[in-house]
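Enquirer: Residue strings, one per chain:
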Amino acid sequence: MIVLEVLLLAVLICCALATVLGRGLVSSVILFMSYSAVMSIIWFLLQSPDLAVTEAAVGAGVTSLLFFLTLRGIRGRKRRGEDEG
Amino acid sequence: MKDNPQWLERVIQWAAGQEQEGPEGPEDPERQEFQEYLEYIDAHGYMEFGAYRYMRRRERAALGLDAVTEAIHNPPHQPNPPKPQHRPRRRPGLLRRQLWVYRVLSVGVALCLAVIFTAVALSLPGFGETDVPALNEVAQRYLERGMEETGAVNAVTGLILEYRAFDTFGESAVLFAAAVSTALLLNAPGRRLRNYRGPDPVLSTLGRSLLPVILLFGVYVVVNGHLSPGGGFSGGAVLGAGLILASLVLGEEEMDRLLPQRTMSRATTLALLAYGLMKGYSFFTGANHLGGEIPKGTPGAILSGGLILPLNLCVGVIVACTMYTFYTLFLSREE
Numbered sequence: 001m002i003v004l005e006v007l008l009l010a011v012l013i014c015c016a017l018a019t020v021l022g023r024g025l026v027s028s029v030i031l032f033m034s035y036s037a038v039m040s041i042i043w044f045l046l047q048s049p050d051l052a053v054t055e056a057a058v059g060a061g062v063t064s065l066l067f068f069l070t071l072r073g074i075r076g077r078k079r080r081g082e083d084e085g
Numbered sequence: 086m087k088d089n090p091q092w093l094e095r096v097i098q099w100a101a102g103q104e105q106e107g108p109e110g111p112e113d114p115e116r117q118e119f120q121e122y123l124e125y126i127d128a129h130g131y132m133e134f135g136a137y138r139y140m141r142r143r144e145r146a147a148l149g150l151d152a153v154t155e156a157i158h159n160p161p162h163q164p165n166p167p168k169p170q171h172r173p174r175r176r177p178g179l180l181r182r183q184l185w186v187y188r189v190l191s192v193g194v195a196l197c198l199a200v201i202f203t204a205v206a207l208s209l210p211g212f213g214e215t216d217v218p219a220l221n222e223v224a225q226r227y228l229e230r231g232m233e234e235t236g237a238v239n240a241v242t243g244l245i246l247e248y249r250a251f252d253t254f255g256e257s258a259v260l261f262a263a264a265v266s267t268a269l270l271l272n273a274p275g276r277r278l279r280n281y282r283g284p285d286p287v288l289s290t291l292g293r294s295l296l297p298v299i300l301l302f303g304v305y306v307v308v309n310g311h312l313s314p315g316g317g318f319s320g321g322a323v324l325g326a327g328l329i330l331a332s333l334v335l336g337e338e339e340m341d342r343l344l345p346q347r348t349m350s351r352a353t354t355l356a357l358l359a360y361g362l363m364k365g366y367s368f369f370t371g372a373n374h375l376g377g378e379i380p381k382g383t384p385g386a387i388l389s390g391g392l393i394l395p396l397n398l399c400v401g402v403i404v405a406c407t408m409y410t411f412y413t414l415f416l417s418r419e420e
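Taken in sequence, the protein lines are chains A and B.
Numbering follows my numbering, with no gaps: position 69 of the first sequence is 69.
Counting the second sequence from 1 gives a position; my numbering is that position plus 85.
Derived from the structure by calculation, the hints contain no laboratory data.
Positions of the beta carbon are idealized from the N, C-alpha and C atoms, including for glycine.
Heads up, some of the hints might be wrong.
Said to hold, decoys possible - One side only, chain B facing chain A, incomplete, derived with CB under 10 Å: (1) His129; (2) Val306; (3) Tyr412.
Kindly produce the complete structure, drawing on both the sequences and the hints.
Expert: Laid out in structure tokens, this is it:
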């Protein structure tokens, strides 16, 4: 069990670093999603299943979706601006 | 007050109740010009303000008035116009130095924060230790008498919706305010719904088969909040994510038919009002033993925990609707 926890924590730190250092914004969002997924497993291992459910739904689900939508909106606007200008 | 710009002085005079006589300050030339413009378009039909100003300027110039403006707009020909002086291009170097300072400073700040946080984390008590300051009589009371006092088997939900129900009310109100302000900012009146483009059949089929499971799980988490892990917020988030998936899989037009925006906002407002009324009632009847008149039921049964079940439902509705509203509003910005 300890091995699993250490592994998860290592993946968590890797995800966090990769989110910040990653090149594309989309891949950053996906990495952030996986960060939330790993975090929710860690919450469960820390005996707080309430938080685990919330983290999975909000962190991995809704927040990333809003990020994706915002990215798409920004890109669409940029493309339109290029077309006009 | 001498250094104040003109408009600020006028605002101060207006605030002090010493507004200048007359409905429009006659000594304000811009205002007077605009007044003339309004009279002109009343008499002659519509005209752009800029075009009007240009016409007036031409008229004044023809009459020999307004030489200053004319000199600015049509400068007399000079035999040797002075060449525009370029300042030496010092900017990029300066900018580079500023960027360097900025990077060094940000790394320094991040390192400082990392050191502080690591020190704090190392001095934290270990996981599961008993002699820590946070484990005082409050936590003991919550854990030992929580089930008896709130009727909830899940101590977390009992804590959130009974002992600290006022905080949860504030949280729900914050969510509601966020949803309302997002709607005010982003809700374009004439937004078009995109047609369901029928994406990948594999993803669509997978989504359709996952959808009922996710929605059912969300409802389960909300309704069983006082018995098992979860509660209004978690279950509401799951439900909201399920609604977003439904919108992706079924198409926005179908979802708009099933769950119009109006219904969502009505449901949110009603749920918040119901929460406020229920909790207000129990605050009113005695804040120490919250909701003493409401029967607790046997702990472990689905109909137990007094007000916790309806409160959970309210919070779940608020959270789910807010998440879905965010999604639809963000989506509609694309068009």
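Enquirer: Hints first: check each against the structure and report whether it holds.
Expert: Against the structure, the hints come out as follows:
1. Interface hint at His129 (chain B): violated, since its Cβ lies 34 Å from the closest Cβ of chain A, which is beyond the 10 Å cut-off.
2. With its C-beta approaching chain A no nearer than about 6 Å, Val306 (chain B) sits inside the 10 Å limit, and its interface hint holds.
3. Interface restraint check: Tyr412 (chain B) against chain A, minimum CB-CB distance 7 Å, threshold 10 Å, status holds.
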